[in-house]
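Next come the chains, spelled out residue by residue.
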Amino acid sequence: MSADHSRDPCPVVILSDFGGAFAMGVIGGCVWHGIKGFRNSPMGERHLGAVSAIKARAPVVGGNFGVWGGLFSTFDCAVKAVRKREDPWNAIIAGLFTGGSLAIRGGWRHTRNSAIMCGCLLGVMEGVGLMFQRYAAWQAKPMAPPLPEPQQAQPLGA
Amino acid sequence: MSWLFGGSKKNDSNTSASAEHQQIVQDEGKAQHALGFDPSQVTNVSSIISTPGALDPSRLHPLAGLERGVEYLDLEEEQLSTMEGSRSLIPSRGWTDDLCYGTGAVYLLGLGLGGSYGFFEGLKNIPPNSPGKLQLNTVLNHITRRGPFIGNNAGVLTLTYNLINSSIDALRGKHDAANSVVAGALTGAIFKSSKGLKPMAYASGMVAAAAATWSGAKSFIL
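Top line first, the protein sequences correspond to chains A and B.
Numbering-wise, the first sequence is residues 1 to 158 according to full-length UniProt numbering.
Numbering-wise, the second sequence is residues 1 to 222 according to full-length UniProt numbering.
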């Protein structure tokens with residue numbers, strides 16, 4: 001597997017992941033809470049309701065996404081630095097740590113369950129990614145060129 | 001200028017034999033210059049290998065272009081932004097990099113500043129004679145109340161600022177301090193757009209001033 005050139009090297013990529021996840025959360029939160037606020041407001045105040053819902057909730061969604069993405073990236077880099085290899089287990093271990101550390105104030109059981117949930121989620125994501133990679137490789141597999149048409153046997157002396 | 005108009009003037013005075021000899025020497029010199037070794041000296045493979053300069057990579061073949069040293073692959077998506085004045089502290093490949101790095105850095109900064117403010121606030125507000133767990137909880141509650149609040153607001157501001165800034169850059173085809181200030185003013189106005197005209201003007205001025213400070217600091221650092 002070749003190196004992934006679409007991502008930056010490790011220490012600085014944490015900043016980029018924080019920002020990217022935050023931006024994704026804010027924009028997604030705008031859509032989500034805009035629609036929710038619009039639908040949950042009485043007639044005549046629907047636009048106002050949408051705007052106030054966006055103002056109140058979209059930054060929080062962005063913050064949650066950003067903290068999750070940034071923590072995940074931090075743990076991913078840390079796991080890479082410790083294991084000195086890049087494979088799907090990195091993401092799964094980083095997911096375990098992320099889920100655990102985000103739920104650490106809820107007590108030991110909550111931390112454990114959350115870590116396992118997060119690790120499983122990342123495992124599924126990595127598995128699907130691997131499947132797509134395999135499929136793409138299978139689709140783009142090298143093909144043998146078609147054999148040339150066999151020459152018609154000519155009778156001797158013809 | 002003999003290389004341009006042909007250096008035959010000197011050869012005219014020589015005898016034909018010496019001219020011929022000179023021609024051969026010149027040819028050998030040319031061949032040595034092109035190949036890196038004298039081909040008349042070569043008899044077998046081992047003598048090629050042992051000839052000094054025969055395997056000099058810069059002379060192996062001109063088409064290989066080996067004399068330029070190791071050349072890394074130039075991937076299309078790895079190209080840095082070529083926009084005028086777009087150079088920043090971190091190399092940027094375009095507006096997505098500016099957006100992600102800018103938002104991430106300011107969000108983390110806000111989170112850290114708000115968190116440390118909340119930390120000291122929590123330390124001041126610890127109830128007297130409370131058990132350790134309650135003390136820890138008080139401090140953590142203050143951190144998680146102040147940190148995300150400031151971080152989220154700073155992050156949203158930077159996100160809007162970067163989106164507007166990149167749009168103006170793309171429209172004008174270059175980046176300079178005026179772009180930053182205008183983008184900051186628009187960002188502040190949008191941020192307080194539901195509070196009326198006066199808060200809008202205040203926020204607009206403040207964010208524009210912050211953007212101008214950042215532009216000045218950037219030009220000072222770079």
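Among these hints, one or two may not hold up.
Once the Cα atoms are required to be at most 27 Å apart in a straight line, the calculated BS3-like pairs of lysine-lysine come out as [claimed, not checked]:
(1) B/K192 <-> A/K55
(2) A/K55 <-> B/K218
(3) B/K174 <-> A/K36
(4) A/K55 <-> A/K36
(5) A/K36 <-> B/K218
(6) A/K55 <-> B/K195
(7) B/K174 <-> B/K218
Treat the hints as calculated values from the structure; they're not laboratory data.
Outcome of the hint check:
1. Distance restraint check for B/K192 and A/K55: the Cα-Cα separation of roughly 10 Å lies within the 27 Å cut-off, and the hinted pair is therefore satisfied.
2. In summary, the hint linking A/K55 to B/K218 is not supported, as the alpha carbons are separated by about 31 Å, beyond the 27 Å threshold.
3. Using a Cα cut-off of 27 Å, the hinted pair B/K174 and A/K36 is violated, with the two alpha carbons roughly 39 Å apart.
4. For a cut-off of 27 Å, the pair hint linking A/K55 to A/K36 stands: about 13 Å separates their Cα positions.
5. For the hint linking A/K36 to B/K218, the alpha-carbon distance of about 41 Å lies beyond 27 Å, and the restraint is violated.
6. With a C-alpha separation of about 12 Å, the suggested pair A/K55 and B/K195 falls inside the 27 Å cut-off, and the hint holds.
7. Under the criterion of a C-alpha separation no larger than 27 Å, the hint pairing B/K174 with B/K218 is consistent with the structure, at around 16 Å.
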